[in-house]
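Colleague: In case you want the letters, here they are:
2 protein chains.
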Amino acid sequence: MARLDQKTVDQVCKELETAFGNRFSNNLSVRDTHSHNETKLRHEVPDGVVYALSKDDVVKTVKICARYKMPIIGFGVGSSLEGQLNAPVGGISIDFSKMDQVVSFSPEDMTVTIQPGITRETLNSWLRDSGLFFPIDPGANASIGGMASTRASGTSAVRYGTMREAVLCAEAVMADGRLIRTASRAKKSAAGYDLTRLLVGSEGTLGLFTELTIRLHPIPEVVSSGICTFATIGDACNTVIESIQCAIPFARVELMDEFMVKACNAYSGLTLEPRPTLCVEFHGDEASVASQAATFSEIASAHGSSNFQQSTDPEKRAQLWKARHSALWAAEASLPECDVFSTDACVPISRLADCVTETQKDLKEHNLIGPIIGHVGDGNFHVFVGYPKDNEREEKRIYEFTERLSERAISMGGTCTGEHGIGQRKIKYLRMELGDAVDFMWTIKQALDPDNILNPGKYGFPEN
Amino acid sequence: MARLDQKTVDQVCKELETAFGNRFSNNLSVRDTHSHNETKLRHEVPDGVVYALSKDDVVKTVKICARYKMPIIGFGVGSSLEGQLNAPVGGISIDFSKMDQVVSFSPEDMTVTIQPGITRETLNSWLRDSGLFFPIDPGANASIGGMASTRASGTSAVRYGTMREAVLCAEAVMADGRLIRTASRAKKSAAGYDLTRLLVGSEGTLGLFTELTIRLHPIPEVVSSGICTFATIGDACNTVIESIQCAIPFARVELMDEFMVKACNAYSGLTLEPRPTLCVEFHGDEASVASQAATFSEIASAHGSSNFQQSTDPEKRAQLWKARHSALWAAEASLPECDVFSTDACVPISRLADCVTETQKDLKEHNLIGPIIGHVGDGNFHVFVGYPKDNEREEKRIYEFTERLSERAISMGGTCTGEHGIGQRKIKYLRMELGDAVDFMWTIKQALDPDNILNPGKYGFPEN
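In order, the protein sequence lines correspond to chains A and B. Heads up: the first sequence at position 121 corresponds to 121 in the UniProt record's numbering, and the numbers run straight through without jumps. Heads up: the second sequence at position 328 corresponds to 328 in the UniProt record's numbering, and the numbers run straight through without jumps.
With the rest of the complex left out, here is chain A (with noise of 0.2 Å):
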């Protein structure tokens, strides 16, 4: 995998441009803002930019691209953590930020049909009278075709799943420039290879999305939201895992340990115990919340946990989920002067506690601030570590200290990343996980994509 020579990438903008007219640019700080990463990673730029409207502009880009091997990466908004949009040898990059329409919509199928460049909150907003809601939730307001590509969830996943489980059917360009149907609009199938869920999660290797059908879930009827802490990470976590195994459906239960309660006690004013905490939500009926909530707190105060507080009022809601809410900034505003940024593990939630225990002691080992938040039903976890701006040697501190997370984790019969993707940063991992099946892996994408045109760089296959 070469850069292309800068006569074959000068005609390629051209065409480019014929093409679109100034729907193209090579204009430095446009094509610098779509490398841009949400990471600490080097940006590389892509040699131009097509804002795509249709399909059809997604098909002619990569058929002149694909002409002169030009590598190709799909953009959304920007909010990929592992350097996913990275051109480390140049390309082009297919912004589909105004590729953001509804389709089409099917109440009945609890289903709509998008563009890939539509961002959660406005298919949300636009959603917002017709019952249904689209749950997955990453944090950032990303583009739903990001989301799919990186096979996003956040804290709703324990309850509505994660990109996966949430893409039915898609409509992609693949690398000659043809454009497919994954699979029918019905609900299951048994036709043929899961072409959907070989797309989703490929981080744009294999194709690019131009649809998606989605599926979307009514909207609750009562929301019940709640926090209570724990001695210990264990407590906490078997807890959790009592519940579900007592079916509580949680709508979301996320985990903060000591060192994230007192980032947010100190960001937000709050006087929480410096204590392993949960915070819960529930999704139903008055009579299920209420039901989710007294068996919860019985399971918890087994526990050693007895001061489980909940309610069903919006601001009082606000008020418990305040940490949480605001973990983010608080821990960056706990890491003053330094870079943050958030790391990403998963386990079988049989080990979770173990792991996160581990990982708080590696992080004292090596003196660093680390505090940890987890989407504990899924066994997932995040780490945000920071280090000192323009420091290398500390910088190289932080990259160990991830190298062995991700060892942790694989070791516990987990993966490197739960939810941020493999992109530029994990590829070492994704060998030490899955062995030779990575291998499989890279055969379909040459299969596939022969001249590795997209987004090439990424997954660590054998050329890079």
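Among the clues, some could well be false.
Claimed, not checked - Label-pair restraints from in silico Cβ distances:
#, chain 1, residue 1, chain 2, residue 2, range
1, A, Val-103, B, Glu-337, 44 to 54 Å
2, B, Leu-53, A, His-43, 53 to 63 Å
3, A, Ser-411, B, Pro-218, 24 to 34 Å
4, B, Gly-131, A, Ala-333, 43 to 53 Å
5, A, Leu-270, B, Pro-218, 26 to 36 Å
6, B, Pro-218, A, Gly-139, 28 to 38 Å
7, A, Glu-298, B, Ser-125, 26 to 36 Å
8, B, Lys-63, A, Thr-443, 14 to 24 Å
9, B, Gly-131, A, Glu-403, 31 to 41 Å
As the list claims (entries may be wrong) - Here are a few chain B residues that face chain A, going by a calculated C-beta distance under 8 Å:
#, residue
10, Arg-151
11, Ala-157
12, Thr-162
13, Arg-178
14, Lys-187
15, Leu-195
16, Ala-247
17, Asp-285
18, Ser-288
19, Pro-348
20, Ile-422
21, Leu-430
22, Thr-443
23, Tyr-459
Claimed, not checked - Beyond 12 Å from chain A on every Cβ pair, some chain B residues (computed):
#, residue
24, Phe-24
25, Leu-41
26, Lys-55
27, Arg-128
28, Asn-141
29, Ala-231
30, Leu-272
31, Ala-318
32, Leu-328
33, Leu-368
34, Asn-391
35, Tyr-399
36, Thr-402
Hints listed in this document are in silico derivations from the structure and should not be mistaken for laboratory results. All C-beta atoms, glycine included, are put in the ideal place defined by N, C-alpha and C.
Guided by the hints, dock chain B onto chain A, whose structure is given.
Modeller: Showing chain B alone in chain A's frame:
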């Protein structure tokens, strides 16, 4: 794709006999049993059968076969319905029935890792005292490996999903004899391509499962079963659509058309009104089940159904669902002297009433008898059609009917198969449904199995 010459076949059989002794058989009746399909398709027998005891046996068999380009067909219990087990160009059947052990059980994670030959009933017996169960119920007591291979589902998929959702990760032998793990045991992951879901539903054409880690669910505290009738299929379907929009988490919701009800009355001596009928099941605690039943009853009333009966008492529940439980036998009894088979189509639920009603009209116009039963929450339904034994002209009429049914489902945005798979019989409709996407499936197949030795002759790829 052609049959190997007899000398090569003999050589492979000799090597397998040397490797496996009396766990290899080329006895004709054994081979014939292994092409059993629960279908009216002609048996196409394999050249030999290996009874595997371990993943090493599977690896060894695949390596011997791969050397000679000998086809390989996985066999569970032989309950597939579309000719998945036939060996059109011969080959070796690997019988997984002795690989039926539980490898490990993690109640905290609500997962179990099993060998593929274990059947769902055996697994549920094994789990009995754990408080957990494996909910997916395709009717037959299928092997879990077979269920994963065909992406099976059944009555409880509306609540618990299909094998697509049930399989967390797998171990599989690929066409070159290499053993891979498709994913970690973490509940979610953003690491790499979703090989798990690529293999699930691939009908043994991409790899052979040697272990599966599957999700379990808490055994519900209370189960309530109910039944009610409607004036039209549309009223029944609209009741289900509104109920799902109101967040009623049906555990099962089955539709029987008037002809199915008549057949059940005749077979079981029941006196149900011969009208479109819904059989429902709710899972939860006492309060939640009562609230689900009450809301459902209200919605059903609004659609003209005033005879909803339900009970949580096991004996009464069995009585209420008696018609549904005996439906297959009732359908067979209503078609005396006939070969009966069950076809399968699935549409977005918004089109289900149209699809069922048009199918009834089609049956009538063509003087065919075909009671209909549907997993209505998923838009999936079956028609039991029969034709006089050994009457080719009548058999042809039935095939023409299933062709019209597939076309109808596809034209409504649905699929030619919700849960039975493609096998040999639905090859034509796979292309009709998915167009060029099938080319990319074939590209993947060629890349992962270049000699086309894994279950050839299925899916209708170009070579076949």
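Colleague: All hints are to be evaluated individually against the structure, with a verdict given for each.
Modeller: Here's how the hints hold up against the structure:
Range check, Val-103(A) to Glu-337(B): about 51 Å between beta-carbon atoms, so the 44 to 54 Å window is met. Separated by about 55 Å at the C-beta atoms, Leu-53(B) and His-43(A) satisfy the suggested range of 53 to 63 Å. The hinted window of 24 to 34 Å between Ser-411(A) and Pro-218(B) holds, with their beta carbons roughly 29 Å apart. At about 44 Å, the beta-carbon gap between Gly-131(B) and Ala-333(A) stays in the expected band of 43 to 53 Å.
Distance hint for Leu-270(A) and Pro-218(B): a CB-CB separation of about 35 Å, consistent with the stated range 26 to 36 Å. At roughly 30 Å, the beta-carbon separation of Pro-218(B) and Gly-139(A) lies within the given 28 to 38 Å, and the hint holds. Between Glu-298(A) and Ser-125(B), the C-beta spacing of about 31 Å keeps the proposed range 26 to 36 Å intact. Between Lys-63(B) and Thr-443(A) the beta carbon distance is about 18 Å. The supplied range of 14 to 24 Å therefore holds.
Hint check: Gly-131(B) to Glu-403(A), Cβ distance near 39 Å, so the stated range 31 to 41 Å holds. Contact between Arg-151(B) and chain A, as hinted, is supported at the beta carbon level, the nearest pair being about 5 Å apart and thus within 8 Å. Annotation: interface hint on Ala-157(B) holds; nearest CB of chain A at approximately 6 Å, less than 8 Å. Taking 8 Å as the C-beta cut-off, the interface hint given for Thr-162(B) holds, the closest approach to chain A being about 5 Å.
A distance limit of 8 Å between C-beta atoms decides the matter here; for Arg-178(B) the minimum to chain A is near 6 Å, and the interface restraint holds. The restraint placing Lys-187(B) at the interface with chain A holds, with a minimum CB-CB distance near 5 Å, inside the 8 Å limit. Taking 8 Å as the C-beta contact cut-off toward chain A, the hint placing Leu-195(B) at the interface holds, the least distance being around 6 Å. The beta carbon of Ala-247(B) is positioned within 8 Å of a beta carbon in chain A (closest approach about 4 Å), and the interface hint is therefore held.
This hint holds: Asp-285(B) has a C-beta 6 Å from the nearest C-beta of chain A, less than the 8 Å allowed. With a cut of 8 Å, the hint placing Ser-288(B) at the interface with chain A holds, because the nearest CB-to-CB distance is about 5 Å. Hint on Pro-348(B) holds. Least Cβ distance to chain A is approximately 4 Å, under the 8 Å limit. Restraint check, Ile-422(B) versus chain A: the minimum CB separation of about 6 Å is within 8 Å; hint holds.
Residue-level restraint check for Leu-430(B) holds (minimum Cβ-Cβ distance to chain A is 5 Å; threshold 8 Å). Taken as an interface hint, Thr-443(B) checks out: its beta carbon lies about 5 Å from the nearest beta carbon of chain A, inside 8 Å. Checking Tyr-459(B) against chain A by beta carbon gives a least distance of about 7 Å; that is within 8 Å, so the hint holds. Every CB of chain A lies more than 12 Å from the CB of Phe-24(B), the least distance being 28 Å, so the non-interface label holds.
Non-interface call for Leu-41(B) relative to chain A: holds, since the shortest CB-CB distance, roughly 17 Å, exceeds 12 Å. Consistency note on Lys-55(B): stated as away from chain A, and its beta-carbon is indeed over 12 Å from all of that chain's, at 14 Å minimum. At roughly 16 Å from the closest C-beta of chain A, the C-beta of Arg-128(B) stays outside 12 Å, upholding its exclusion from the interface. Consistency note on Asn-141(B): stated as away from chain A, and its beta-carbon is indeed over 12 Å from all of that chain's, at 19 Å minimum.
Non-interface call for Ala-231(B) relative to chain A: holds, since the shortest CB-CB distance, roughly 19 Å, exceeds 12 Å. Here Leu-272(B) stays apart from chain A, with its beta-carbon at least about 27 Å from theirs, past the 12 Å limit. With a closest Cβ-Cβ approach of about 23 Å to chain A, Ala-318(B) is found to remain outside the 12 Å limit, as its non-interface label requires. Look at Leu-328(B): its CB is around 19 Å from the nearest CB on chain A, clear of 12 Å, so calling it non-interface holds up.
For Leu-368(B), the shortest C-beta to C-beta distance to chain A comes to about 24 Å, beyond the 12 Å cut-off, and the non-interface label holds. Residue placement check: Asn-391(B) keeps its beta carbon more than 12 Å from all beta carbons of chain A (closest about 29 Å). With a least beta-carbon separation of about 18 Å from chain A, Tyr-399(B) lies farther than 12 Å from that chain, consistent with its non-interface assignment. For Thr-402(B), the condition that its CB be more than 12 Å from all CB atoms of chain A holds, with the nearest at approximately 14 Å.
Against the hints set out earlier in the document, no violation occurs for any number.
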